[in-house]
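S.K.: Sequence:
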Amino acid sequence: MFKRGPSGPFLAAALLAAPVLGVLPASAASAACPHLSSDFNGDGYADVAAGAPEAGDVPSGSLSGAVTIAYGAADGIDTGSTPPHTFTARSVVEATGDEGSLGSLGYQIATGYFDGDCFADLAVSGQNRVAVLYGSDSGLGTDRAKLFDKSSIEGGETRIWFGDALAAGDFDGDGLDDLAIGASGLHWNREVGTPDTDDDGGAVGILPGSDSGLTTDGAFWLTQDSPGVPGGAESLDGFGRALAAADFDLDGRADLAIGTPFEALSAGPVGAVVVVRGSAEGLTGTGAQWFDQGTAGVPGNPEEGDHFGRALAAGDLTGDGRPDLVIASPDEAIGQISSAGAIAVLKSGPTGVSATGALGFDQSDPQIPGEAENDFFGAALAIGDLNRDGRADLAVGSPNESVGSAPYTGAVILLYSGSGGITATGSRWLDQNSTGIPGANEDSDAFGSALHVVPGAYGGRNALVVGSPGEDTGSAQDSGAFTVVPGDAAGIPGPTGYFFGPSRLPDLPGRTDLGSSLG
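For the sequence shown, the positions run -28 to -1, 1 to 491 when mature numbering (1 follows the signal peptide of the UniProt record, and there is no 0) is used.
Rather than coming from a laboratory, the hints here were simulated on the basis of the structure. Here the structure is a predicted model, which is why all the values come from computation and not from measurement. Glycine included, each C-beta is placed from N, C-alpha and C at the ideal position. Hints may be right or wrong, so weigh each one.
[Said to hold, decoys possible] Derived DEER-like restraints, expressed as beta-carbon distance ranges:
{"#": "1", "residue 1": "Gly72", "residue 2": "Glu276", "range": "37 to 45 Å"}
{"#": "2", "residue 1": "Asp361", "residue 2": "Ala327", "range": "24 to 32 Å"}
{"#": "3", "residue 1": "Gly332", "residue 2": "Gly291", "range": "16 to 24 Å"}
{"#": "4", "residue 1": "Glu129", "residue 2": "Gly482", "range": "32 to 40 Å"}
{"#": "5", "residue 1": "Pro379", "residue 2": "Asp115", "range": "40 to 48 Å"}
{"#": "6", "residue 1": "Gly431", "residue 2": "Asn405", "range": "21 to 29 Å"}
{"#": "7", "residue 1": "Pro379", "residue 2": "Phe471", "range": "19 to 27 Å"}
{"#": "8", "residue 1": "Thr407", "residue 2": "Gly266", "range": "23 to 31 Å"}
Put together the whole structure using the sequences plus the hints.
M.R.: Here it is in structure tokens:
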């Protein structure tokens, strides 16, 4: 997400044989489930979760932040009989009987099927803690809620910023999703390029799924000092600042892409991405891969401050049945323009992710709308079929985009897939003045700070959800909002988008930064 500051928004808060890095406990495969994204009540319609990390009586206090849920139905999001519900940090802590703090709940979100039922579950982070809410036929609730922190995983005493990134995936192929939790060591609300100086290079914690939900049994840490993982743990690397889980090699087990956006190479802190493999025993360093902008085939050049790997997404953009990996460098300079942003699309094959045939996109391409002007193009990414042609498309957030007289109002660029994969041809631009998009472009709305695709939300049409945490409501600055934009055969937007702000959602008064995260 992005924060206002004196000079504009701030980025809040990518061996011959190596042993297995952690062993996940065996578990019987869960019953066959549709595993529809974010279907928390199992009614066959996807729901939307949105983080509001500044909500609360005392923002940034010991109990602050919230996550709100808008439930899906046959006619779309929040059109059925189940009303929206907001879980505040206070309600989660009280439900668990925990006496600790939980600040900025809603910073990051991940959904998965962590136990043996057919209801999606929600993981949501706050400052150095992660809350897990479990689904049921009545939706998410706090009756089984759990809180985890760095001490939940053995050896976590030195970890910093636990919950910096989240990703769910079945890393051991037991039919239950596991949770990867980034602890990058970089400051929560740091200005771009000014991370803390007291960290261990970052780490990723793995909590296994089980028939009773996420568990610390068999939990472990993954770092660049783990056997087989490329690179070495160095202060300020930011290992774990971004995560994406997908089965890149189609072996039936999810792999994990890990952003290390401050990885130092000869050009300085330029960024890199590490991909570790899933196995029957869990994530392993065997066959782990390394990519930076100096890797043969990867678009661009390694330059100081690019922050390659700051954002990640995975999905099948080529139509070959294999997930591809999208890597963003939101601070990529284009010519003399700093922080313009760029993305790289890497395909996958039987051996995992490959840089062969990789594609690069930025706003210097005349086919891509907008100008490359400190926009943070690529700060948010989402993948899904947005024009009903059976191929997944790519939505790219550019939350610092200035439009007309509205600085930092934000925009989203849509790149569609053709027969040969993702292309700049026919790309589209969305801002809050676009036809079908409610609202208006205003100073520092940060439209596009978070993105999510909801499958089949409107009569079989997928919908794009766009967060704008800087949206003002009346006199309340940064009350935040998210917009649900259904697609049609012509793409996104369809005829009508839907605005969700604090007035439509419960228990979100004043400044909340709603829309900072989506799932």
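S.K.: Return holds or violated for the Cβ distance of Glu129 and Gly482 against the range 32 to 40 Å.
M.R.: Because 36 Å falls inside the window, the suggested range holds.
S.K.: Taking 40 to 48 Å as the hint, is the beta-carbon distance of Pro379 and Asp115 inside that range?
M.R.: Distance hint for Pro379, Asp115 holds at roughly 45 Å.
S.K.: Using the C-beta atoms of Pro379 and Phe471, is the stated range 19 to 27 Å upheld?
M.R.: holds, 22 Å
S.K.: Could you tell me whether the CB distance from Thr407 to Gly266 stays inside 23 to 31 Å?
M.R.: Once the Cβ atoms are compared, 42 Å apart, the range 23 to 31 Å for Gly266 and Thr407 is violated.
S.K.: Does the hinted range 21 to 29 Å hold for Gly431 and Asn405 at CB?
M.R.: holds, 26 Å
S.K.: Using the beta carbons of Gly72 and Glu276, state whether their distance is inside 37 to 45 Å or not.
M.R.: Because 39 Å falls inside the window, the suggested range holds.
S.K.: Does 16 to 24 Å hold as the CB distance between Gly332 and Gly291, or does it fail?
M.R.: Holds - the Cβ-Cβ distance for Gly332 and Gly291, about 20 Å, lies within 16 to 24 Å.
S.K.: Taking the Cβ atom of Asp361 and the Cβ atom of Ala327, is their distance within the range 24 to 32 Å?
M.R.: holds, 27 Å
Going down the numbered hints, you'll see the structure goes against just number 8.
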